[in-house]
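> Sequence:
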Amino acid sequence: MSMTTIDPTADDGPSRPRAPSVAAGTGVYDADAIEVLEGLEAVRKRPGMYIGGTGSGGLTHLLWEIIDNAVDEAAAGHGKLIEVTFHGDGSYEVADRGRGIPVDVKEGDVTALEVVFTELHAGGKFGNGAYGASGGLHGVGASVVNALSSRMEVEVDRNGRTHRLEFRDREAGNTDAAGRFRRGHSLKVVGKVSPKRTGTRVRFWPDANVFDADASISYAEVRERVKQTCFLVPKVKFSLTDRRREPIESEELMSSGGLGDFVEQLRDDAEPVGGLIDLRGTDEFTEQVPVDGQLTEVTRHCEVDVAMRWCASFDARIVSFVNTIPTPDGGTHVAGFERALTTAVNGALADADLRKLRRLRDDARAQREDTQEGLVAVVRVTFPEPQFRGQTKRELGTPPVQRIVNNIVRDGLRDWFSGTSASSKRIHVKAVLDKISNAVVNRVTTRRALDERRKAAALGSGGMPAKLADCRLHPGGELLIVEGDSAAGPAKRARDSAWQAVLPLRGKVVNAGKGTAKAVLDNAEAAALFTAVGGGSGLEFDADQTRYSRVVLLADADVDGSHIRCLVLTLVYHYMRPLLDAGRVFAAQPPTHAFTIGQEKRFVYSEAERDALIAELDSAGRRYRLTRFKGLGEMDDDELFETTLNPETRVLRQITVGDARAAQEAFEVMMGAAVDPRRTFIVAHSSSYGHALDI
Numbered sequence: 001m002s003m004t005t006i007d008p009t010a011d012d013g014p015s016r017p018r019a020p021s022v023a024a025g026t027g028v029y030d031a032d033a034i035e036v037l038e039g040l041e042a043v044r045k046r047p048g049m050y051i052g053g054t055g056s057g058g059l060t061h062l063l064w065e066i067i068d069n070a071v072d073e074a075a076a077g078h079g080k081l082i083e084v085t086f087h088g089d090g091s092y093e094v095a096d097r098g099r100g101i102p103v104d105v106k107e108g109d110v111t112a113l114e115v116v117f118t119e120l121h122a123g124g125k126f127g128n129g130a131y132g133a134s135g136g137l138h139g140v141g142a143s144v145v146n147a148l149s150s151r152m153e154v155e156v157d158r159n160g161r162t163h164r165l166e167f168r169d170r171e172a173g174n175t176d177a178a179g180r181f182r183r184g185h186s187l188k189v190v191g192k193v194s195p196k197r198t199g200t201r202v203r204f205w206p207d208a209n210v211f212d213a214d215a216s217i218s219y220a221e222v223r224e225r226v227k228q229t230c231f232l233v234p235k236v237k238f239s240l241t242d243r244r245r246e247p248i249e250s251e252e253l254m255s256s257g258g259l260g261d262f263v264e265q266l267r268d269d270a271e272p273v274g275g276l277i278d279l280r281g282t283d284e285f286t287e288q289v290p291v292d293g294q295l296t297e298v299t300r301h302c303e304v305d306v307a308m309r310w311c312a313s314f315d316a317r318i319v320s321f322v323n324t325i326p327t328p329d330g331g332t333h334v335a336g337f338e339r340a341l342t343t344a345v346n347g348a349l350a351d352a353d354l355r356k357l358r359r360l361r362d363d364a365r366a367q368r369e370d371t372q373e374g375l376v377a378v379v380r381v382t383f384p385e386p387q388f389r390g391q392t393k394r395e396l397g398t399p400p401v402q403r404i405v406n407n408i409v410r411d412g413l414r415d416w417f418s419g420t421s422a423s424s425k426r427i428h429v430k431a432v433l434d435k436i437s438n439a440v441v442n443r444v445t446t447r448r449a450l451d452e453r454r455k456a457a458a459l460g461s462g463g464m465p466a467k468l469a470d471c472r473l474h475p476g477g478e479l480l481i482v483e484g485d486s487a488a489g490p491a492k493r494a495r496d497s498a499w500q501a502v503l504p505l506r507g508k509v510v511n512a513g514k515g516t517a518k519a520v521l522d523n524a525e526a527a528a529l530f531t532a533v534g535g536g537s538g539l540e541f542d543a544d545q546t547r548y549s550r551v552v553l554l555a556d557a558d559v560d561g562s563h564i565r566c567l568v569l570t571l572v573y574h575y576m577r578p579l580l581d582a583g584r585v586f587a588a589q590p591p592t593h594a595f596t597i598g599q600e601k602r603f604v605y606s607e608a609e610r611d612a613l614i615a616e617l618d619s620a621g622r623r624y625r626l627t628r629f630k631g632l633g634e635m636d637d638d639e640l641f642e643t644t645l646n647p648e649t650r651v652l653r654q655i656t657v658g659d660a661r662a663a664q665e666a667f668e669v670m671m672g673a674a675v676d677p678r679r680t681f682i683v684a685h686s687s688s689y690g691h692a693l694d695i
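In terms of the numbering used here, the sequence shown opens at residue 1 and continues consecutively.
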């Protein structure tokens with residue numbers, strides 16, 4: 001067993017260990033705390049509405065619904081251990097040491113435990129009863145998981161006994177001594193425990209008839225989110241075990257700090273600019289909620305917790321949470337934070353009256369991208385019954401939270417910039433204002449230079465790059481990005497010029513993850529790509545104004561091809577990200593080898609496929625000739641068309657935002673000055689190195 005303990009320390013600023021901010025609640029957690037709002041017939045009919053889809057993302061969402069319930073118990077002060085197990089039979093299990101789901105009878109002969117797993121919107125998180133705040137609604141997650149599982153087993157330690165309830169195709173019951181499943185509402189007592197021991201164990205088998213055949217849950221993805229959760233519930237230990245393959249992987253994760261330590265982990269090795277800024281505050285808001293069939297005004301207590309720090313980099317990293325739930329799509333709390341940040345920074349810049357900004361006159365105000373350049377921040381709000389946009393909890397929708405976060409962050413930052421905050425230092429304030437003012441100057445000068453280029457292009461021959469071999473169909477065509485002139489020639493001859501354009505780029509593409517906006521715009525290869533694609537660049541990029549429906553990276557299957565592919569993806573990630581969000585960026589998969597078997601020619605796309613075909617042909621006694629393609633230029637026009645350009649036979653891989661981010665990280669490790677990280681990366685990826693670089 002490998003043991004990993006997360007306990008980062010900040011380089012600067014105050015440490016922030018503290019008790020969880022979620023109140024334990026004042027009500028009694030029993031059957032009366034469970035409310036039934038509606039059935040769950042719609043879940044199996046439209047699973048995407050509840051879990052986002054039936055692929056790997058939706059399957060992972062099921063596991064997180066159960067984990068979130070365990071985290072809510074820990075955040076409320078009940079239990080310090082959460083165990084997550086990936087079983088070899090395709091099931092997943094979550095065990096906690098919380099109070100245990102109530103097992104007393106709710107109504108008739110149905111227990112509260114059964115209600116939680118069979119009725120949508122049944123749970124102990126409505127109103128102000130068993131929980132002061134929670135990640136979501138207890139029964140929503142539990143019942144949806146049951147609805148989309150073929151089998152489920154629940155054990156609850158409560159009242160000195162272990163109570164068991166099973167589900168088969170959503171029907172409650174238990175297995176008898178002969179191993180037969182008997183439907184029924186009664187709980188089965190399967191053991192005795194200490195009266196002080198409480199907790200819940202949930203194991204579920206996702207329904208293969210619901211989820212895609214290739215859907216799976218990534219252990220690495222779950223581990224990464226658990227690492228984040230550790231900072232939200234300090235001193236709660238998570239035990240992760242993956243039994244799906246040998247050797248069994250197992251580790252424990254725990255953090256003793258809070259959001260400030262989270263920022264330091266996100267910062268990684270980026271050089272800090274200024275100190276850690278810690279902002280906290282509370283406020284209240286009212287909203288109308290249905291109570292006994294009538295709208296009733298209730299008062300909500302909202303806690304805001306923000307940790308942030310600027311770094312000597314160009315990327316912004318803002319991570320947000322509602323209670324213990326990550327909100328990758330942001331929402332009203334992030335909108336309030338960004339508005340407050342821009343307001344406070346512009347106030348500080350006006351007070352500083354910097355000469356470099358005076359020269360810009362009317363353009364001297366900082367915009368959102370200026371204030372967030374190099375910023376690492378964690379934004380968390382805690383309050384009962386948050387409203388999300390959509391069922392998958394990716395974006396907060398509670399409107400009053402924007403005002404609360406805006407006021408608390410704005411006032412806190414004003415104190416920090418003015419020097420009245422206890423954590424504020426003049427040297428840190430000056431460093432941050434210098435960085436932001438430089439970002440303003442770079443943005444304005446870049447925009448002005450771009451305007452001049454556009455005016456000049458309008459007077460020329462359409463303004464398109466001279467090396468672009470364009471197509472006739474716009475915007476329905478596709479842009480093929482190839483590596484240099486040697487690959488451009490065959491691609492131009494083999495393409496369908498009606499809808500396929502070819503743009504050759506050399507290996508001098510700027511590293512957009514490191515360079516300034518001005519450096520990127522001044523780079524000839526980047527400028528050619530921006531001009532050919534259309535739609536602008538950066539925050540001004542408009543995917544609806546592009547000249548092509550898709551962009552296809554067509555690079556050689558070697559180190560040089562991987563190099564330029566990483567650079568182009570990094571450029572798209574930073575300056576044309578809406579293309580990635582819309583799923584309009586692809587990587588072509590050119591073959592690595594060709595087998596000539598008599599009059600037949602077969603292509604393979606990896607060394608594994610090559611070895612498998614060699615073994616197959618050798619065992620059959622077939623004669624063949626093997627050709628290796630080191631680059632696109634080594635294929636004849638027909639081969640290139642058939643394997644890489646023909647939409648009927650080619651292999652394309654859709655590139656996601658995560659792929660582009662991984663490409664940038666891999667490139668930075670491999671091309672960085674530090675030797676140890678590069679050596680570690682190569683050793684860790686030695687078996688799949690080619691695939692990792694080929695995205």
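Calculated directly from the structure, the hints in this document are not laboratory data.
Hints are supplied without guarantee of correctness; some may be wrong.
To be verified - In silico DSBU-like pairs for lysine-lysine, Cα to Cα no more than 35 Å straight-line: (1) Lys227 - Lys45; (2) Lys467 - Lys492; (3) Lys425 - Lys467; (4) Lys508 - Lys356.
Stated by the list, open to error - Estimated spans, in silico, between C-beta atoms of each pair: (5) Ser56 - Gly160: 37 to 47 Å; (6) Gly90 - Asp496: 57 to 67 Å; (7) Gln599 - Phe181: 30 to 40 Å; (8) Gly598 - Asp522: 24 to 34 Å; (9) Asp451 - Asp353: 41 to 51 Å; (10) Ser256 - Glu609: 47 to 57 Å; (11) Gly57 - Glu540: 47 to 57 Å.
Don't be surprised by glycine CBs; every beta carbon is placed ideally from N, CA and C.
> Hint by hint, note whether the structure agrees.
Evaluated hints:
1. Between the alpha carbons of Lys227 and Lys45 the distance comes to roughly 34 Å, so the proposed pair stays at or under 35 Å and holds.
2. Simply put, Lys467 and Lys492 have alpha-carbon atoms about 11 Å apart, close enough for the 35 Å limit, and the pair holds.
3. With a C-alpha separation of about 53 Å, the suggested pair Lys425 and Lys467 falls outside the 35 Å cut-off, and the hint is violated.
4. Among the hinted pairs, Lys508 with Lys356 is consistent with the structure: their alpha-carbon atoms are about 31 Å apart, no more than 35 Å.
5. Our hint of 37 to 47 Å for Ser56 and Gly160 holds, since their Cβ atoms are close to 41 Å apart.
6. Take Gly90 and Asp496: their Cβ atoms lie about 44 Å apart, and the range 57 to 67 Å is violated.
7. In this structure the hint that Gln599 and Phe181 lie 30 to 40 Å apart at CB is violated, the actual value being about 59 Å.
8. For the pair Gly598 and Asp522, the supplied restraint of 24 to 34 Å is violated, since their beta-carbon distance comes to about 55 Å.
9. In this structure the hint that Asp451 and Asp353 lie 41 to 51 Å apart at CB is violated, the actual value being about 27 Å.
10. In this structure the hint that Ser256 and Glu609 lie 47 to 57 Å apart at CB holds, the actual value being about 48 Å.
11. Separated by about 30 Å at the C-beta atoms, Gly57 and Glu540 break the suggested range of 47 to 57 Å.
Taken one by one, the earlier hints fail for this structure at numbers 3, 6, 7, 8, 9 and 11, listed in ascending order.
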